[in-house]
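Engineer: Just so you know, we're using full-length UniProt numbering here: the sequence shown kicks off at 1 and counts up by one.
One or more of the hints may lead you astray.
What the hints assert, rightly or not - For each label pair, taking beta carbons as the anchor points, the in silico distance ranges come out as:
#1 GLU13 - LYS36: 19 to 25 Å
#2 GLU68 - LEU20: 33 to 39 Å
#3 TYR57 - LEU20: 27 to 33 Å
#4 LEU138 - THR21: 36 to 42 Å
#5 SER3 - ARG106: 19 to 25 Å
Unchecked claim - For lysine to any residue, the following SDA-like pairs were computed, each having C-alpha atoms within a straight-line distance of at most 25 Å:
#6 LYS96 - HIS73
#7 LYS104 - ALA71
#8 LYS103 - THR125
#9 LYS95 - ASN2
#10 LYS104 - HIS73
#11 LYS89 - SER49
#12 LYS127 - CYS76
#13 LYS113 - VAL91
#14 LYS62 - MET117
#15 LYS55 - ALA71
Honestly, the hints are just simulated from the structure, not real lab data.
From the three backbone atoms N, C-alpha and C, an ideal C-beta is built for every residue, glycine too.
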Amino acid sequence: MNSDYIVGLTDGEGCFYVLLTERNHKKNPKAHIMAKSHFYIKLREDDLSLLEKVKDYLGFGKIYFQKEKRANHSPCYRFEVNSNEDKEKLVAFFKKHPLQSPKKQRDFEIFSKVSTMIANRDHFTQKGEDEIRKLKSLMHH
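Turn these sequences into a full structure, and let the hints guide you.
Structural biologist: Have a look at this one:
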């Protein structure tokens, strides 16, 4: 396993995404949305050992089993990066080892920016929420 392999695997099978959920929460009435940024690589069930190598090489992230209910999909495993600390490590990795796909690189740059905004709690302001929505709309085109 090496960084070039992880870059190629991410270009082909990885996904950077932002999840926005409307919320009305009594604990924090300032929070209009719940914002989360995620990264995953999803592979078939029989490729679990490959995801374990990715996790061991990077030294962070978690692997989860995903049971598929859709008829044309098989069970799979997902290597995921969800914690803010691990996202900082992931961003540093892909800044040092850029993705080759222009679309995936753009999604990574948006993911990186939104992750920083979430860590800074910018989504608790209307301006921050609007900016995150705008950035999210630019992903996966």
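Engineer: If a hint holds in the structure, say so; if it does not, say that too.
Structural biologist: Evaluation of the provided hints:
Checked against the hint of 19 to 25 Å, the pair GLU13 and LYS36 passes, with Cβ atoms roughly 21 Å apart. At about 25 Å, the CB distance of GLU68 to LEU20 disagrees with the hint of 33 to 39 Å. At roughly 31 Å, the beta-carbon separation of TYR57 and LEU20 lies within the given 27 to 33 Å, and the hint holds. Checked against the given bound of 36 to 42 Å, the beta carbons of LEU138 and THR21, roughly 19 Å apart, lie outside it.
The hinted window of 19 to 25 Å between SER3 and ARG106 holds, with their beta carbons roughly 20 Å apart. Taken as a hint, the LYS96 and HIS73 pair is broken in the structure, with Cα atoms around 34 Å apart against an allowance of 25 Å. Proximity of LYS104 to ALA71 is assessed by CA-CA distance (about 28 Å); at most 25 Å being required, the pair is judged violated. Restraint check for LYS103 and THR125: not satisfied, since their Cα atoms lie roughly 29 Å apart, outside the 25 Å limit.
For a cut-off of 25 Å, the pair hint linking LYS95 to ASN2 stands: about 15 Å separates their Cα positions. For the suggested pair LYS104 and HIS73, the alpha carbons sit about 23 Å apart, so the restraint of at most 25 Å is met. For the proposed pair LYS89 and SER49, the alpha carbon gap of about 22 Å is at most 25 Å, so the pair holds. With a C-alpha separation of about 38 Å, the suggested pairing of LYS127 with CYS76 is violated against the 25 Å cut-off.
For the suggested pair LYS113 and VAL91, the alpha carbons sit about 10 Å apart, so the restraint of at most 25 Å is met. Taken as a hint, the LYS62 and MET117 pair is honoured in the structure, with Cα atoms around 23 Å apart against an allowance of 25 Å. About 29 Å separates the Cα atoms of LYS55 and ALA71, which puts this hinted pair outside 25 Å; it is violated.
Hint check: violations occur at hints 2, 4, 6, 7, 8, 12, 15; the rest are consistent with the structure.
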